[in-house]
Amino acid sequence: MLSKSPPVVWRSRIYRYRLIGCKCKNCGRVHYPPASACPYCSSRDLEEVELPRVGKVLSYSIVYAVDSDARERSPVILGLIDLGVTRIIAEITDANPEDIKIGSQLEAVFRRIGEDGETGVIIYGLKFRPVI
Amino acid sequence: MCAARPESSVGIRGWGVYIPRFRISMVEIAREWGWSDYQWKALGMVERSVAGPDEDSTTMGVEASINALKRANINPSDIGAVFFGSESKPYAVKPSATIIAEVLGITPLTMASDLEFACRAASEGLRASIGLIASGMVKYALVVGSDTSQANPGDVLEFTASSGAATLILGGSSGSAAYFEGSFSYITDTPDFWRREGSPYPRHGEGFTGEPAYFKHIVEAVRGLMDSLGLKPSDFNYAVFHQPNGRFPLKVGEMLGFKAEQIKLGLVTPIIGNTYNGSALIGLARVLDYAKPGERILVAPFGSGAGSDAYSLIVTDSIDESRERAPTVDYYIKNKVMITYSQYSKFRRLLRVIRE
Amino acid sequence: MAYITGASMINIDRHYDKSIRRLASDAVFKLDSSSVENVDYVIVASSISYLQEPQLDLASYIASALGLRNARAFNVEAGEVSGATAVLMAKSLVDSRLASKVLVVGVDKLSNYPSAVTYKHISLLNDSESESLYSIGLGGIAGILMRLYMETYKVDRLTLAYWPALMHSNAKLNPYAMLRFTITPEKVLDAMPIADPITLLDTFPIGDGAAALVVESKPRDALAEIVAVESAVGYPSITLSPDPLRIDSLELAYSRLTEKLDLKRIDVIELHDSYTISAILQLESLRLAERGKAAEAVANGYFTVNGDGPVVNPSGGLKARGHPIGATSVYQVAEVASQIAGIFPGLKVPDAKSGLVVSVNGFGSNSYVVYLRGVE
Numbered sequence: 000m001l002s003k004s005p006p007v008v009w010r011s012r013i014y015r016y017r018l019i020g021c022k023c024k025n026c027g028r029v030h031y032p033p034a035s036a037c038p039y040c041s042s043r044d045l046e047e048v049e050l051p052r053v054g055k056v057l058s059y060s061i062v063y064a065v066d067s068d069a070r071e072r073s074p075v076i077l078g079l080i081d082l083g084v085t086r087i088i089a090e091i092t093d094a095n096p097e098d099i100k101i102g103s104q105l106e107a108v109f110r111r112i113g114e115d116g117e118t119g120v121i122i123y124g125l126k127f128r129p130v131i
Numbered sequence: 000m001c002a003a004r005p006e007s008s009v010g011i012r013g014w015g016v017y018i019p020r021f022r023i024s025m026v027e028i029a030r031e032w033g034w035s036d037y038q039w040k041a042l043g044m045v046e047r048s049v050a051g052p053d054e055d056s057t058t059m060g061v062e063a064s065i066n067a068l069k070r071a072n073i074n075p076s077d078i079g080a081v082f083f084g085s086e087s088k089p090y091a092v093k094p095s096a097t098i099i100a101e102v103l104g105i106t107p108l109t110m111a112s113d114l115e116f117a118c119r120a121a122s123e124g125l126r127a128s129i130g131l132i133a134s135g136m137v138k139y140a141l142v143v144g145s146d147t148s149q150a151n152p153g154d155v156l157e158f159t160a161s162s163g164a165a166t167l168i169l170g171g172s173s174g175s176a177a178y179f180e181g182s183f184s185y186i187t188d189t190p191d192f193w194r195r196e197g198s199p200y201p202r203h204g205e206g207f208t209g210e211p212a213y214f215k216h217i218v219e220a221v222r223g224l225m226d227s228l229g230l231k232p233s234d235f236n237y238a239v240f241h242q243p244n245g246r247f248p249l250k251v252g253e254m255l256g257f258k259a260e261q262i263k264l265g266l267v268t269p270i271i272g273n274t275y276n277g278s279a280l281i282g283l284a285r286v287l288d289y290a291k292p293g294e295r296i297l298v299a300p301f302g303s304g305a306g307s308d309a310y311s312l313i314v315t316d317s318i319d320e321s322r323e324r325a326p327t328v329d330y331y332i333k334n335k336v337m338i339t340y341s342q343y344s345k346f347r348r349l350l351r352v353i354r355e
Numbered sequence: 000m001a002y003i004t005g006a007s008m009i010n011i012d013r014h015y016d017k018s019i020r021r022l023a024s025d026a027v028f029k030l031d032s033s034s035v036e037n038v039d040y041v042i043v044a045s046s047i048s049y050l051q052e053p054q055l056d057l058a059s060y061i062a063s064a065l066g067l068r069n070a071r072a073f074n075v076e077a078g079e080v081s082g083a084t085a086v087l088m089a090k091s092l093v094d095s096r097l098a099s100k101v102l103v104v105g106v107d108k109l110s111n112y113p114s115a116v117t118y119k120h121i122s123l124l125n126d127s128e129s130e131s132l133y134s135i136g137l138g139g140i141a142g143i144l145m146r147l148y149m150e151t152y153k154v155d156r157l158t159l160a161y162w163p164a165l166m167h168s169n170a171k172l173n174p175y176a177m178l179r180f181t182i183t184p185e186k187v188l189d190a191m192p193i194a195d196p197i198t199l200l201d202t203f204p205i206g207d208g209a210a211a212l213v214v215e216s217k218p219r220d221a222l223a224e225i226v227a228v229e230s231a232v233g234y235p236s237i238t239l240s241p242d243p244l245r246i247d248s249l250e251l252a253y254s255r256l257t258e259k260l261d262l263k264r265i266d267v268i269e270l271h272d273s274y275t276i277s278a279i280l281q282l283e284s285l286r287l288a289e290r291g292k293a294a295e296a297v298a299n300g301y302f303t304v305n306g307d308g309p310v311v312n313p314s315g316g317l318k319a320r321g322h323p324i325g326a327t328s329v330y331q332v333a334e335v336a337s338q339i340a341g342i343f344p345g346l347k348v349p350d351a352k353s354g355l356v357v358s359v360n361g362f363g364s365n366s367y368v369v370y371l372r373g374v375e
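Chains as they are written, first to last, in numbering that gives the first Met the number 0: chain A, 0 to 131; chain B, 0 to 355; chain C, 0 to 375.
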């Protein structure tokens, strides 16, 4: 898969590792991941900002039909998470489906998010877990 | 006592640990492989931690380092050296230290490397960091000990080999939570435990890991430290030794003249297992979670192959302010979910799976 | 003016024995041979085939396979809206007089690999810089949206199960549909969970398909006129959308159409129900139901032949007709044109004079609407 090319994995590492998004200097809105122009007002005057690492669940899904490389983690809980300044969709880890409710508080946590087989690059990034 | 020892200008600015929440009990492992209960009772074990399916020594190292950074309360870019000690590196070639440094915002103006010396690689990083800071070459150094220890399925090692990480951030002694009084290393070529290139599991010499390896090296390092500082066992409030099981630390303490009460607080292996590079350092972190200003701590990591370092630390008045900033060792000990042997096999990829 | 003078489809299925070119020729050869004479352009709409049966410059090879060696040919790849984009291209070529006859071939292949691999391919319809990187499939996002919808509007799961039940009942009559059996709403709830609260019966089946359209400047023997094709891009992810339960791109595309045309009457609609929740949100984006009320309207039979609303998805929709990704909206246009011409071989919409095709990529990164009308 293309997403496992080393240059692709490398150039997206900062926003995967540190939850770096962009704030528009024109309209003030924040988006993630960083884009070249504001998705709301089209301004190109953007600055990188670190997003809050804590948010709450707006909605979630418990996914049973997962990739074979996610079978160890099945069912995978996916959350639409409100970070206040913007939202993010991410896997929720360290939780059982019954632990997650709409409104649950979550925090970002650094985990393996994929790998290119047994010999290719490992992709690290942020997932979310119940606040500790 | 020698006032000009370089160690005394260096202290621990922050400490942090991470222990994954999954635990497997000794009973579960024994039942799976038909061991008698005597086998694990002789090791002084109850249960041990298991890293989750999306965790490895790098992710655990990040977690521990985030906790240490919270306690140190410093600018990450002021860290000039990152050492990652592990014997379960996710990449055989490609450093984990760079990943951790990038995640924490320490890059790019820093040293960073992975060290390998079985369970004492991180301790080597610690001693090297003392030198780097005392010499003025770097302001702060971050040392991670992290392992998702492997064990050949069915081997006795499976009772103890667990997962966890500890990070220490070192800096100048002023403002540190505890400063070093002295350090002492003792190294020989002893093949008591090893893993050959390409082999999935380590092998060991059973009893040979004991007397000539663990006991000999720790005893020599600790005696060397105490002699050089003019200290005796009763001068220490706490003693933390590398802890491959629940018994060895008590025995080596006894050989050196330490009492069980000095060792107990820092002895976590019976309930979380041997976290290898995290082992003695998680024990130290637990002591720092409770220690009072003025108290003296002995720490003696050991690594097969073989070598041991002994450190003496004095707790300062600053310790209380940083303590609350991150979760304690006890938090992680209590935060647990028991799993079965089959879950453990799946999480640690002991099963042969063909991916689509 | 552009007219559809020919439309053909093959049955959607796992055509293990057919290559991408063979699927295309099976669809095209169902047209009258005279209708592909003197074709100026062949436009091929395909998407997942580039991952499952890789062939670059696919259109030229398909044109050759069809025996149209002297035609001009190009590809359109736009994920799930590939077909509608190809129809826009065809209309533009004809309207601009660059061509007088264009053959649009929608063809796609999803059955060359086990489903886990195919779902990975399909997940690339999502934003590859966020969702796809995390192996987040379409199903997970649909599950998030459905739970959000149920929570926001207090709609229960059973009410939302009437949509797939209706689609199966419609598809039973469609000879080109993949799933030609009826199901009850209760059975949807009892089915295997895919991405809870979504079950297997809330989603489209994996199948291959091909459909063809002949678009000409002359109205002679035409099935329908392509009156207008409109579209709009939207937010790349529901995380950015101010209200994830609104499909901004579809609202904009549809308002661009209604600003241009007086749409007093739409008799038949084929919309993009990749998931039950997709259908519900599209019905609300088209203002065919109030927000939070579409599922109830579906359950009450509003969108059936006997209902008060337009007939929606008489083909059985993506849910039951099937969803060969890049070919799907060519099927939809062929179905609506056939309804208007009174020759659709499945559930007929009596006296249909006009119809709308709705095509959406993912959950709104791109939306198309195609408005068709009968020829006077």
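One or more of the hints may lead you astray.
Claimed, not checked - Between beta-carbon pairs, the in silico distance windows are:
no., chain 1, residue 1, chain 2, residue 2, range
1, B, Glu320, A, Asn25, 50 to 58 Å
2, B, Gly174, A, Lys3, 21 to 29 Å
3, C, Ser127, A, Ser73, 34 to 42 Å
4, A, Ala36, C, Leu262, 30 to 38 Å
5, C, Val304, A, Ser41, 41 to 49 Å
6, A, Gly83, B, Gly206, 36 to 44 Å
Please keep in mind that the hints were generated in silico from the structure rather than gathered at the bench. All C-beta atoms in this analysis are idealised placements derived from N, C-alpha and C, irrespective of residue type, glycine included.
Against the structure, the hints come out as follows:
no.: 1; hint: B:Glu320 - A:Asn25: 50 to 58 Å; verdict: violated (42 Å)
no.: 2; hint: B:Gly174 - A:Lys3: 21 to 29 Å; verdict: violated (44 Å)
no.: 3; hint: C:Ser127 - A:Ser73: 34 to 42 Å; verdict: violated (23 Å)
no.: 4; hint: A:Ala36 - C:Leu262: 30 to 38 Å; verdict: holds (33 Å)
no.: 5; hint: C:Val304 - A:Ser41: 41 to 49 Å; verdict: holds (45 Å)
no.: 6; hint: A:Gly83 - B:Gly206: 36 to 44 Å; verdict: violated (58 Å)
Of the numbered hints stated above, those contradicted by the structure are hints 1, 2, 3, 6, listed in ascending order.
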